[in-house]
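*Asks:* Single-letter residue listing:
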Amino acid sequence: MLGVFQTTQKLRTSLRLLSRAGLPPVDLQVQLLLRGRCPQSATFSRELHLGPGGSASSPAAAPQRLPFSRVTVEDLTFFRKTLPGRAITDPDLVQSSNEDWLKSVRGSSEVLLRPQTTQEVSQILSYCQSRNLAVNPQGGNTGLVGGSVPVYDEIILSTSLMNNILSFDKISGILTCQAGCVLENLSLYLEERDYIMPLDLGAKGSCQIGGNVATNAGGLRLLRYGSLRGTVLGLEVVLADGQVLDCLSTLRKDNTGYDLKQLFIGSEGTLGVITAVSILCPRKPKSVNVVFLGCETFDQLLKSFQLCKGMLGEILSAFEFLDSECMRLLNTHLKLANPISDCPFYIVIETSGSDSDHDSQKLHNFLEEAMTSLLVTDGTVATEESKIKTLWSMRERVTEALTHDGFTYKYDISLPVERIYQLVTDMRQHLGERARSVVGYGHVGDGNLHLNITSSAKDPALLASIEPFIYEWTAKFQGSISAEHGLGLKKRNYIYYSKSRPTVAVMGKMKTLLDPKGILNPYKTLPDDLK
Amino acid sequence: MSGRVLVGVKRVIDYAVKIRVKADNTGVVTDGVKHSMNPFCEIAVEEAVKLKEKKLVKEVVAVSCGPQQSQETIRTALAMGADRGIHVEVSGKDYETLGPLQVSKIMAALAKKEDAQLIILGKQAIDDDCNQTGQMTAALLDWPQGTFASEVTLDGDKIKVVREIDGGLETIKINTPAVLTADLRLNTPRYATLPNIMKAKKKKIANVKPADLGVNLTSRLEVLKVEDPPQRQAGMKVETVEDLVGKLKEAGKV
Chain A
1 MLGVFQTTQK LRTSLRLLSR AGLPPVDLQV QLLLRGRCPQ SATFSRELHL GPGGSASSPA
61 AAPQRLPFSR VTVEDLTFFR KTLPGRAITD PDLVQSSNED WLKSVRGSSE VLLRPQTTQE
121 VSQILSYCQS RNLAVNPQGG NTGLVGGSVP VYDEIILSTS LMNNILSFDK ISGILTCQAG
181 CVLENLSLYL EERDYIMPLD LGAKGSCQIG GNVATNAGGL RLLRYGSLRG TVLGLEVVLA
241 DGQVLDCLST LRKDNTGYDL KQLFIGSEGT LGVITAVSIL CPRKPKSVNV VFLGCETFDQ
301 LLKSFQLCKG MLGEILSAFE FLDSECMRLL NTHLKLANPI SDCPFYIVIE TSGSDSDHDS
361 QKLHNFLEEA MTSLLVTDGT VATEESKIKT LWSMRERVTE ALTHDGFTYK YDISLPVERI
421 YQLVTDMRQH LGERARSVVG YGHVGDGNLH LNITSSAKDP ALLASIEPFI YEWTAKFQGS
481 ISAEHGLGLK KRNYIYYSKS RPTVAVMGKM KTLLDPKGIL NPYKTLPDDL K
Chain B
1 MSGRVLVGVK RVIDYAVKIR VKADNTGVVT DGVKHSMNPF CEIAVEEAVK LKEKKLVKEV
61 VAVSCGPQQS QETIRTALAM GADRGIHVEV SGKDYETLGP LQVSKIMAAL AKKEDAQLII
121 LGKQAIDDDC NQTGQMTAAL LDWPQGTFAS EVTLDGDKIK VVREIDGGLE TIKINTPAVL
181 TADLRLNTPR YATLPNIMKA KKKKIANVKP ADLGVNLTSR LEVLKVEDPP QRQAGMKVET
241 VEDLVGKLKE AGKV
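So the sequence lines, in the order shown, correspond to chains A and B.
Heads up, the first sequence is in full-length UniProt numbering, so the first residue is 1 and it goes up one at a time.
Heads up, the second sequence is in full-length UniProt numbering, so the first residue is 1 and it goes up one at a time.
Isolated chain B, as found in the complex:
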């Protein structure tokens, strides 16, 4: 039992930023836009660090796939308490087409290489809302999965997971090694405090290329068009009931 946890963290556009579609409709504007760690990934990191504080796991490794700037996201995870980081370098065209399938192949390869006991991911990313990486990773590794976790309890070599599902809460027990994906109510991520931010600067981030892991990044998906949702039309105020009926008749509704 290595007691090692892999946590995936994704660099996304900060949720408070107003999203703008590129003029050529090929995607959204990312240049010069504030990015930060995906909120669900923060919750995943927090859960992993909590497990380490309870001495149920021995090491937390933060992983991010992306360009140079992904290292900032890993640093944030380190400041929250992760022990070391792995930056899987993906840039340019490959980064544009990087999706759950490629990331899950990378995570599976890393899990084997690092002899991980547990993988914790956010349930989905706020930019693509795919909600696939955790599930795909588990399938590739043939590991059990506890997705939409709102409560995680380690019990010997098993894990009890309370899942948030449409009908309410579902409790399952799965074997380790396993993949978990974090839902909103799993925990409240801590603020990275100054002493930890200072310590994080000294922690190591290893650089790895997807080819080193034997992963093919080709995507089978092609983005055809990205456009704004239809503009919401302003409502109309009328003075009298007669006006209302008149307007409804005009619009052919009555």
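For reference, chain A alone in the conformation it holds in the complex:
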């Protein structure tokens, strides 16, 4: 790979020399040349999910490059002047920002910008709009739908250096911070002050709050604290023309006009760049218990859920599930031992309350009932932080375990709760021997299934069996083809399985209104046929 890299570096240098000489950078030719030197592992989005003919026939494949300008020496001079020392063009440093966490999509951006202030973001976007340069806003780059990395040579606008906490009100629990704050750091900050973030996800060590808001991230605590649409009180957003929209309110209630921040929440960086967030944080619970249970059938799991809501209702803060295939992957690839005996289904339940005695009592009553009525066949309880972390890792690290099992096809579906596992069993039957593993896990309490399929290598024939079968199945039960991961690059063209044409048409109008030149995160979120 190093040899390939050095060769591409030489090509880039010669490109730069050529452009300095006034000749336009050779576009298609260079793409082909580079492609010739990196034949294997999907290095270009266009190669992603190629049909057998080698043409970009799959709806997930990237469209042709739109006629944005290309970065010139003058552009670089401007960026370097605006962001001294933070306009990065060194290929080694830009490389990791060009590829997503799953290593499934890779762009060819040559410029990584790292602003520290909203003002700098404004200057950059204003300039890029006037120059018709495409921009890819990037937070922690932990997205799973290829929305966080460039498709072609879009300029990467990273919020990583915008990591200051601006204020925290101890009485109301309202936190205001820049968009580049890492979620886990915010959690640690708040925990010292007896509060917690209202959301939590496996990627917390890397994901940034701006990105969380841009994707309307769900996570493990949604069951208890609700979605970001409720907990985010205000946003500061920079629009495509550089205008700074200050909607950074810290008010719980404010019915004065249209609530613009809701537009940007979940917009995946296509309507504006979020630069600051104010969010309502709950108090840190005094008593947290985590229970890991085993069930024989999915039906029993659902009954346990009903029992749980009835007996633990007000202290319930998470209800997650994973199947035996997930456990097998955790055992095999991460050497995590099963805390209980082997069962077809596992549940992770978390309770959060203000009184440990009351909560233990409620929990024990529930567990006794669940065991005597044989809804649950085995389980264990944790009250100590160290054990809680270990039990949670059984659920949180499934994604990681999958990456070791081969190439992963990830699906994030919302369905009526009773139907959730049926999709997994139908998919297993449908794929038969063609897939290596088919696993189901997720936020069953929210009706959200994470269905993952692995194969030893990227397999277009396998993909053709999975899609559109899975989307049609989901549409049949009025489900969502992307419950919380968003659409990004990979799912943009499937939007019609969950949203009507008139609805999507209005989305297109909003996009044109806020980003007339379409420079913000192009090729993502909205379907290709809108152009």
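Source of the hints: derived by calculation from the structure; they are not laboratory data.
Quick caveat: nothing in here was measured; it's all calculated off a predicted structure.
There could be a bad hint or two in this list.
As the list claims (entries may be wrong) - Calculated pairs, SDA-like style, for lysine to any residue (alpha carbon to alpha carbon, straight line, at most 25 Å):
id: 1; chain 1: B; residue 1: 50; chain 2: A; residue 2: 282
id: 2; chain 1: B; residue 1: 201; chain 2: A; residue 2: 340
id: 3; chain 1: A; residue 1: 410; chain 2: A; residue 2: 287
id: 4; chain 1: A; residue 1: 362; chain 2: B; residue 2: 205
id: 5; chain 1: A; residue 1: 170; chain 2: B; residue 2: 205
id: 6; chain 1: B; residue 1: 199; chain 2: A; residue 2: 287
id: 7; chain 1: B; residue 1: 50; chain 2: A; residue 2: 377
id: 8; chain 1: B; residue 1: 237; chain 2: A; residue 2: 84
id: 9; chain 1: A; residue 1: 335; chain 2: B; residue 2: 205
Got chain A; can you put chain B on it based on the hints?
*Replies:* Just chain B now, with coordinates in the frame of chain A:
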């Protein structure tokens, strides 16, 4: 041969919690802070329960010295498979000064009272890091000791202990009755499963006072001050070699 094992379990601040020093520097903040069983004590309980499952011992008794909350720690041991518990009630000032010497006197007295064949303790507690209770208990009873055990094998009336020492592993053979202290690699403690947690609720925990055992709790140690370790200073990044040399000269290092 009663085949009885005494296992000492200590209630300590959970190892994942961030420790805070009290404002008056007399100790660390324990109020409202999450506590759990000392990790090495968990390993000790696991070893005892394993011996019982192999039918090499007949009864596992979990012992804890401390205030009311120590009973939770005993319950955890019961949920892991111990048969019954003994809570030696120590609270207030006595609890603040409770240390290895007092606990080992209590353990020795209990060993005689309960006719124990074996005492298994964790090698040390994660709050004081003393690493003394096992050794003192053995001395008071005049029993052999197998400390830092990473492997224990019962062989008739003798015990083979593989010990983790600085130079590597040392294997010794000791007579019973004996005291063992558990090191990290002795075993991996099991999770208390629900059926056992339910059963544990019905198991008995006896209440005993140190005076009943004829133990004097006076401590000969006095804590003068508890303070934070010095804050780690942030490093500095310099742009050029000249800057580096300049800074070193400034600091008087060159």
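*Asks:* Each hint needs a verdict: does it hold in this structure or not?
*Replies:* Going through the hints against the structure:
1. 50/B - 282/A: This hinted pair is violated, its Cα atoms lying about 43 Å apart.
2. 201/B - 340/A: Satisfied, since the Cα-Cα distance of roughly 19 Å is no more than 25 Å.
3. 410/A - 287/A: Since the Cα atoms of residue 410/A and residue 287/A sit roughly 34 Å apart, the hinted pair is violated (cutoff 25 Å).
4. 362/A - 205/B: Given that 25 Å is the threshold and the Cα spacing comes to 23 Å, the pair holds.
5. 170/A - 205/B: Status violated; Cα separation ~43 Å.
6. 199/B - 287/A: 23 Å, holds
7. 50/B - 377/A: The hint holds at about 23 Å.
8. 237/B - 84/A: Holds. Residue 237/B to residue 84/A sits at ~16 Å (cutoff 25 Å).
9. 335/A - 205/B: 37 Å, violated
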